[in-house]
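Hints given; two lone chains; assemble the complex.
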Amino acid sequence: MDKFRYLPMTEKDQHEMLETIGVSHLEELFEDIPNEIRFQGDLNIEKALDETSLVKEMTRLAEKNRHLKEYPSFLGAGVYEHYIPSVVNHMLLRSEFYTAYTPYQPEISQGELQGIFEFQTMICELTGMEIANSSMYDGPTALAEAAMMSAGQTKKKTILVSKTVHPEARQVLKTSAKGQNLTVIEIDEKDGVTDLDHLKSEYNEDTASVILQYPNFFGQIEDLEAAEKIAHQGKSLFIVSSNPVSLGVLQPPGEYGADVVVGDAQPFGIPTQLGGPHCGYFAVTKKLMRKVPGRLVGQTTDDHGQRGFVLTLQAREQHIRRDKATSNICSNQALNALGASIAMSALGKNGLREMAEQNVQKAHYARKQLEKNGVKVVTEKPFFNEFVVRLPKPVKEVNEKLMAEGIIGGFDLSRFYENKENDMLIAVTELRTKEEIDQFASVLGGVQ
Amino acid sequence: MNEKNQALIFELSKEGRTGHSLPELDIEEMDMDELIPSQHRRKEEPELPEVSELQIVRHYTALSRRNHGVDSGFYPLGSCTMKYNPKINEDMARLSGFAHLHPYQEESSIQGALELMYKLQRSLEEITGMDQVTLQPAAGAHGEWTGLMLIRAYHEANGDHQRTKVIVPDSAHGTNPASAVVAGFESVTVKSNERGLVDLDHLREIAGEDTAALMLTNPNTLGLFEEQIVEMAEIIHEAGGKLYYDGANSNAILGITRPGDMGFDVVHLNLHKTFTTPHGGGGPGSGPVGVKQDLVPYLPAPLIIQDKDKYRFDYHIPESIGRVKPFYGNFGINVRAYTYIRTMGPAGLRKVSEYAVLNANYMLRRLEPYFDAPYTQHCKHEFVLSGKRQKKLGVRTLDMAKRLLDFGYHPPTIYFPINVEECLMVEPTETESKETLDEFCDAMIQIAKEAEESPEVVQEAPHHTVIDRLDETTAARKPVLRYKKEA
Ligand SMILES: Cc1ncc(COP(=O)(O)O)c(C=O)c1O
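These protein sequence lines are chains A and P, in that order. Note that this note's numbering numbers the first sequence so that position 389 is 389, with each residue one more than the last. Throughout, this note's numbering is defined as the position within the second sequence, counted from one, plus 448.
Since the hints were made in silico from the structure, they are not lab data. Because the structure is a prediction, the values reported are computed rather than measured. Quick reminder that beta carbons are idealized off the backbone N, C-alpha and C, glycines included. You may find that some hints are simply not true.
Quick list of simulated restraints, FRET-style, between CB atoms [stated by the list, open to error]:
1. D303(A) with L648(P): 46 to 54 Å
2. R506(P) with P394(A): 47 to 55 Å
3. M478(P) with E255(A): 19 to 27 Å
4. P471(P) with K368(A): 14 to 22 Å
Think about it this way: if two alpha-carbon atoms lie no more than 20 Å apart in a straight line, the pair counts; the simulated EDC-like pairs of lysine to aspartate or glutamate are [said to hold, decoys possible]:
5. K368(A) with E435(A)
6. K69(A) with D539(P)
7. K349(A) with E934(P)
8. K349(A) with E472(P)
9. K933(P) with E130(A)
10. K3(A) with D50(A)
11. K12(A) with E28(A)
12. K434(A) with E477(P)
13. K368(A) with E476(P)
14. K758(P) with E477(P)
Same shape as in the complex, but just chain P (with noise of 0.2 Å):
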């Protein structure tokens, strides 16, 4: 990593420097204010800086010298899905017949793309066992607010008003409750057990007439298989509700078991994570939604359909909940998806969720002699551990996430789930080898010694990145949010 202080690019700027090439006015000039009145015109410029283009590369390159991004390290951070992003993924996206259409184009002259589009939908279709997909949505919380519109519609087509609730675990992503409340609904939190699954007896204390839907991940946020799903979706159907499955990290169950299988209604997936479509250090994703036939009639417009040996977009869906997204979703990603479904097939996306369980389960097995385990049963794709034993010591969770930092690692997810005490989540995914589960695994064990013999190295880690630890708080209370020029 780079150690310098990187200046922001507008201090870099110098009045007369460009970096673009536009194409030569090549019409008569005709005279601006003739064109769009001065009254319309912007008086004073944006301070766009002024650079060469070797300071803009020189710039992000030293910007991407300091961050840290799957191919530059192990990065368990739980619930993300932190796989390798394959390269030949980036090339087909990048394909001019993909990346130069315009949405606007006729059906005619996007043939490729539509024939992409309804081959994803049918590959998601089987991976999930839903009846239709729509690949509008944008991110994981999008597609979640997308199903949750379509429980809406569904209840209020039946008459149902009074389903105004939706069931979250206490475990839940916090998108799901904010999801909920954004749909229209109220959110309702149903306990875990000790087991770390929900709590079967309070689940049918308050499913009833009001339940809209429950809102589930399966395997759930603690990484641990909800085994009484099938129970679970008989309560909720019972009561007239609706099974929402929270697909954001699918990658313990591909070919093993599917959310269609279960019970579940409706699905989002999170083509960012277990499709390896790249999380950009932030976006953008991909989440596309499946549902079972009962709730088709009100899925966004369009959906891709193929006629004869053609393919073209639906819009007749009268009972629609309306759009979510204009034109068709985030089709660059999309194209990335699946590229890896071609690349895996049937057998190689089983192995994925094997290999995955797998590792995870190596790891927790491993770890758990030094640090606080709260589930004991196997775990799926990733695994929770408590730092309670360490927060005794002084030490925090906050604390050995950072002293991973000296050891190169990206640290798992910490304090989420916000059930369990000083958590730590880790998931390995299946794309690292064993030696580098290893390697990792004996760091975080140097890591709970060092809580013990010197918890001060843990304290007042990290020591070896570009920057220490930040003021967080006067960030918040005296927020800078963007560069001004010095007057």
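Bound conformation, chain A alone (with noise of 0.2 Å):
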């Protein structure tokens, strides 16, 4: 194949334009890359496809795999499957959101400015925050990002988080403190939430944050009240992460008294993708707005008085500030949060608060009929949409029963915690029928 679609350059053009640079062959334009370092020959890369092979060949890789919409699954940790309106791809389908960059001229990015200053508006609305950015990579690293906000307005070093914070959460955050020589120090787990004792007895002069989730981990519910007292004896800030569906029922951390909240906004209309692209958000108390990483758009007016949206505070970013910045963070996941955006429009108020609801309700319903299977269920006190059981076997050799019955089944937490070793957490969302669920609960049922 020598002829590409994307490429419009012809034989005349390319003898023209030759002519107005002033030099023969093409070769020319490279001659300052010195000969020791060119590059002979082909690279040694798969050929080239017509677009009908191409599509045959990646359909080929996609029905290797078993995904979520052929197999009911009762996976989450972190990272869930919802109902998906159809008008959300169908926006994120008008190139002229796709296919902009950054919008640095606001005269012509009014769409993409004003869509996000609506997801900084709903992201405040559900966290009851009164500022947030336009998006981060995902929740951990906006997590990390937040302790790495704390240790900088705080001026101290150590960061508390607790074990009921996803695990992997855990890990980019220690990753990020080691960059900045930051002390992280994990609060120890009782009953499925965080042990306010030992955050009690780890809390010092020394503290920058109190990080929780909220749902924690393992979908419980963290007494947000009694830590908030805790973090704020000193001057640290009190981070929670958040599953954003989750607030359509439960209590903002915002009233709860946090400084900052962030989380991942994949829920709503993002689909899972293998864990990405998702899309983190990132929420702060007025006092924080010039700490904030990432970009903020702001509301202002034209030269006729006619409102308009820009992007502002930029004397935060690495483009204006360099090595000053409060965070080397440039591109972000726009996209996904126009996508978040229009999920969350489409559910409305009312339809935010259903979904939720029935999370909680198809989730206990799960539980019960668990048990009722004879299946030991953890998970005591208040959760949301997830629990925790434990079985008398492995949960990998019980998910590959499973797996054998058209289920995708729940997930081990023997990956990350040592002593919960025949433990699997179970994801229950709105899509689950009875149907499933009872088929679930009777396979889990009958493993001996």
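Rendered as structure tokens:
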């Protein structure tokens, strides 16, 4: 193949252009690259495919996977399959959105800017916070950035993070902390929630922030009121990571005095796609507005007093402040933020509550059915849409059995917790039908 | 473009409207108070809009019409590689077998995804000349930080704790110094010479025992190839430092030269630039990192490996810097990039770079008589002009950028790199036709004439956009960052 549909250059064009440049061969334009580092021959990569063969090959790869539209799944653990209204994809395919860069020229980027301004508003509404940025890479990196911000703000060096926070988020946090020479101390879990006595005993004048997840990694609802009191004994920040769907029924972290609320908006209209791209969000109190990482959209007016939107408070950012910036983030997840806004608009106030309540209802129904089938349930305290069961066998084995029955089982907690050898974390969203839950419970009940 | 001011979606809201269709609750409803005690439950509902499906469609369609993308018109935004985003990529990423996979599924149930990731790793290793690639970083800046953390781990493993400085050229992208600081280094600047290239004498002066790394973009952000790269690599390696390649914009080098062969130890790529994945109005992207053998032991887990006829995750990296991102990177973006690589193949990728460079040089030579061109040598995939001449006439580069909006173009990058006065940075890419380049050059030439003959036309631009220049000062002084329903 030597014709490429994305390359409009013709021989005639090439000839004319070289003439204007004043060289006779294209090669001459590369003469500044020393010979010793010139690549010789062809790159050893797979050969080009015509469009039809390409689709065939990509379809072959896709069909080697078992996906969530084919098999009912009880996996959650930070990534959730929810109802995605059809409009979300249709609107995201408006190419004026997806083929645009960051809105540096506001006069021709009002659509994107307004869309993000609306996203910021929705995140504020959900979390009960005053300021939200335009998005971060994902929940865990947003959490790590929040911790780094807390160290910068308080000039303190220790981060206290509960073991009930997503294990991968804690891993990202530790890597980030190493970069900034901060200490991360993990607070024990007790009965599926943060051990507040342990938190109290670790808290001291060097604590930059206290981080909890709500609902936590096991699905349980943490006592934010008590944790906030501990976090705010001194000058440290109280950071809460939250699944935004749960905030359709739960008291928002802002109401409990959180200084920063982070999380991932993936459950709103964003496909799971093997874990990314998702959509981190980052919300703070007014006091922290100028410390926020990433881009912020603000409302203003033009010469004629007409409302418009711009990127603002850019003096925080790397392209202005370079080594003094609040973060190195540049590209974020703008398109997914737009997708999440479209999903939130479709749900609306009532739809969000209904969806969140259905998650609570179905998860509790599943818990009841499992108990009825003789499965040992570990989770006793209030939970949102996830809970833990203890099986007589390793989860991996049980999941193989479930897969044979056409079900994708829950998450194997032994991957991250030594003391949870046969524990499975089960997520139940509004998408699971009664029939699917009953079948799941009966298979699990049959495991000896 | 749409002329009318577009209401906020909140302003369209009316109590009782819905835009969704949730499944019916097919179990017997339980009392919420018994499931979650009322003290944990929300007292006040969030003000999400109540709108119908058609209202949503009209709203976002109207917003899209107030936005300019590559599909709308020419977008020569330097350093951003605004090339065509192929439609087939979007289709492939949306196949259910890719879009609806859960990251915690068993390996045996995601073999196709693992195969794709493995092959993408291998392709990027070949293209960059590196030994191992990780697909985890989410974007360019994230890749930079990851790469610098690897370099830090390497030095620390050698007991070289005194290597605290990262050298960055004055022309570098802002994320370079910012990432250096986030990785715990101090960033020091190396000067450029009058040819726009790194000043080697200065580099020799500042490289030493405290050097952790030199971060370099090549071609640099002025669009010029650092001809003395081999000498630079020697200086840094002799000082005991590592070479970091900011490959965000690799559009000039595909199949022509490889960072690995130039002497670089670490490289990141922006798949959302060179490899056609869309920018999405600011993201999501993907920023894979490639390293030479001596840095492999520090990579974040997991890598994807081939094990006979199967593919699996390799979590066994004992000296790893740790996780940089949950799961396995921005898989959905990586699917698009892989689709693109398979579309172009080795010959196609080489043509991409040849034509990107040809287009840029052509435009440079057409525009050179009308603007100041601070560097005269052949450029690579992009070039810079200076608006110094026009500034003397009272017309700033910002004004010329705004005037371009009237012609239906997205302006070039302006005021970057920071070491060029009144800078305009133009990157045409290989996917634009000669006709488009000519029309754009004609518009630029007209603006240069206007600057001389009727400067107010430029100073008061834009004249044909949905909104005029916005008051950015007030936006920053009295920030309004969210909508609030009037009480
Ligand atoms: C040269 C260079 N380096 C790094 C970056 C940062 O990439 P990202 O926005 O994906 O973080 C960019 C893009 O803006 C760039 O042009």
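A quick look at each hint next to the structure:
1. D303(A) with L648(P): 46 to 54 Å: Roughly 49 Å apart at Cβ, these two residues keep to the hinted range, so it holds.
2. R506(P) with P394(A): 47 to 55 Å: Check passed, 53 Å falls within 47 to 55 Å.
3. M478(P) with E255(A): 19 to 27 Å: holds, 25 Å
4. P471(P) with K368(A): 14 to 22 Å: Holds, at about 19 Å.
5. K368(A) with E435(A): Distance of about 14 Å is within 20 Å: holds.
6. K69(A) with D539(P): holds, 17 Å
7. K349(A) with E934(P): holds, 17 Å
8. K349(A) with E472(P): holds, 18 Å
9. K933(P) with E130(A): Holds - the C-alpha atoms of E130(A) and K933(P) are around 13 Å apart, at most 20 Å.
10. K3(A) with D50(A): holds, 10 Å
11. K12(A) with E28(A): The given pair, whose Cα atoms are some 18 Å apart, holds under the 20 Å limit.
12. K434(A) with E477(P): holds, 12 Å
13. K368(A) with E476(P): Roughly 12 Å separates the two Cα atoms, so the pair holds.
14. K758(P) with E477(P): Violated. K758(P) to E477(P) sits at ~46 Å, over the 20 Å cutoff.
Checked against the numbered hints listed earlier, the structure breaks hint 14 alone; every other hint is satisfied.
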